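Count along the sequence shown from 1, then add 2; that gives the number in our numbering.
Please note: incorrect hints may appear among the correct ones.
Claimed, not checked - Okay, derived cross-link-like pairs now, DSBU-like style, lysine-lysine, Cα gap no bigger than 30 angstroms in a straight line:
1) LYS153 <-> LYS178
2) LYS5 <-> LYS85
3) LYS313 <-> LYS17
4) LYS267 <-> LYS313
5) LYS99 <-> LYS5
6) LYS50 <-> LYS5
7) LYS206 <-> LYS182
8) LYS241 <-> LYS153
9) LYS251 <-> LYS160
10) LYS251 <-> LYS99
11) LYS353 <-> LYS313
Just so you know, these hints were derived from the structure itself, not from any lab. Quick caveat, the model's predicted, so the values are computed rather than measured.
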Amino acid sequence: MMKNRLWQLREKMEKQGLDSLLITSLLNRRYLSGFTGSAGYLLITLDKALLLTDFRYEDQAADQAPDFEVIRHQGTLLEEVGKQLQITQPSKIGFEKQYVSYALYEGLQACGANGDWIGTQGIVEELRMIKSADEIAVIKQACQMADNTFKHILGFIKPGVSERDVALEIEFYMRKLGAKSSSFDIIVASGQRGALPHGVASDKVIQSGELVTMDFGAYYNGYISDLTRTVAVGEPNEKLREIYETVLKAQLRGVTEIRPGLTGKEADALTREVITEAGYGECFGHSTGHGIGLEVHEGPGLSSKSDVVLKPGMVVTVEPGIYLSQLGGVRIEDDILITENGCEIITQSTKELIIL
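When you get a sec, could you build the whole thing from the sequences and use the hints?
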């Protein structure tokens, strides 16, 4: 699998006129090599694949990255980069400009390489958008952990319990199921705080009659899931029911009609049109969704600005929402896999309004 990724990467390098590429992003390094240590760079040429790291990770790197030549640097990592580039003598050396600070850029310029440094963007991330069968299998396991956690948390939520306590119970239960951690800071937003799309759990106590939005995911074997459900604690008022049904209608349209060949912009419009027609367009301020994988937000984006064409193997979220200041909000989110003919909904938690 890693050899195939290297082959695809080298094709991209050749198209961009690069004969070397330095990978400094931890996640891109893991994606290309399998190495999970906290220190090291990849230096990839058209015929060599080097993993530069220190003595702490020498054995681990050799075990996890069999397709790479592991080189233990004696001096600094930048000195080793320069040494290896002096051996290979490249003329055009790519680097990941979104991950390189100005200080690191100065260090690269001074490391002793004779070639020109060329800033690249998205060269590995484009490969990451299409998931392999192995990646999809891990993501599905992470999604199942999130689904099981949602079932569990329904028995925990009640009036008098704080948002923070709910978030802690979610985190604990996912770890109990085998997750390394949550995928991101868990969102638990109740009552008026539901109008905050990223209302990270606070000390607020949940009251009867409120909606509670929970957005969380499991981080498992390097990959994440991302699930959002909104439930009611006691009977919600008519307005809250109305916005719930509107978001549900929009979300169901998204997961039913999203398919390969659509652009991110067209996928976004599927949910946005429903909410706009209901009169809540201005209350849906974020995108319909985003890719997930090694990161909780990666390509492709399902937004009004995205021209990326959806392809089989992409895994994305579908998460429309309505947020009403001083009242509350609703968001419903699933993770879906783009297939040859449509999409597969991976997260399976019920989306009917649950009243606790």
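Hints, verified against the model:
| no. | hint | verdict |
| --- | --- | --- |
| 1 | LYS153 <-> LYS178 | 14 angstroms, holds |
| 2 | LYS5 <-> LYS85 | 25 angstroms, holds |
| 3 | LYS313 <-> LYS17 | 21 angstroms, holds |
| 4 | LYS267 <-> LYS313 | 14 angstroms, holds |
| 5 | LYS99 <-> LYS5 | 24 angstroms, holds |
| 6 | LYS50 <-> LYS5 | 11 angstroms, holds |
| 7 | LYS206 <-> LYS182 | 27 angstroms, holds |
| 8 | LYS241 <-> LYS153 | 26 angstroms, holds |
| 9 | LYS251 <-> LYS160 | 27 angstroms, holds |
| 10 | LYS251 <-> LYS99 | 41 angstroms, violated |
| 11 | LYS353 <-> LYS313 | 26 angstroms, holds |
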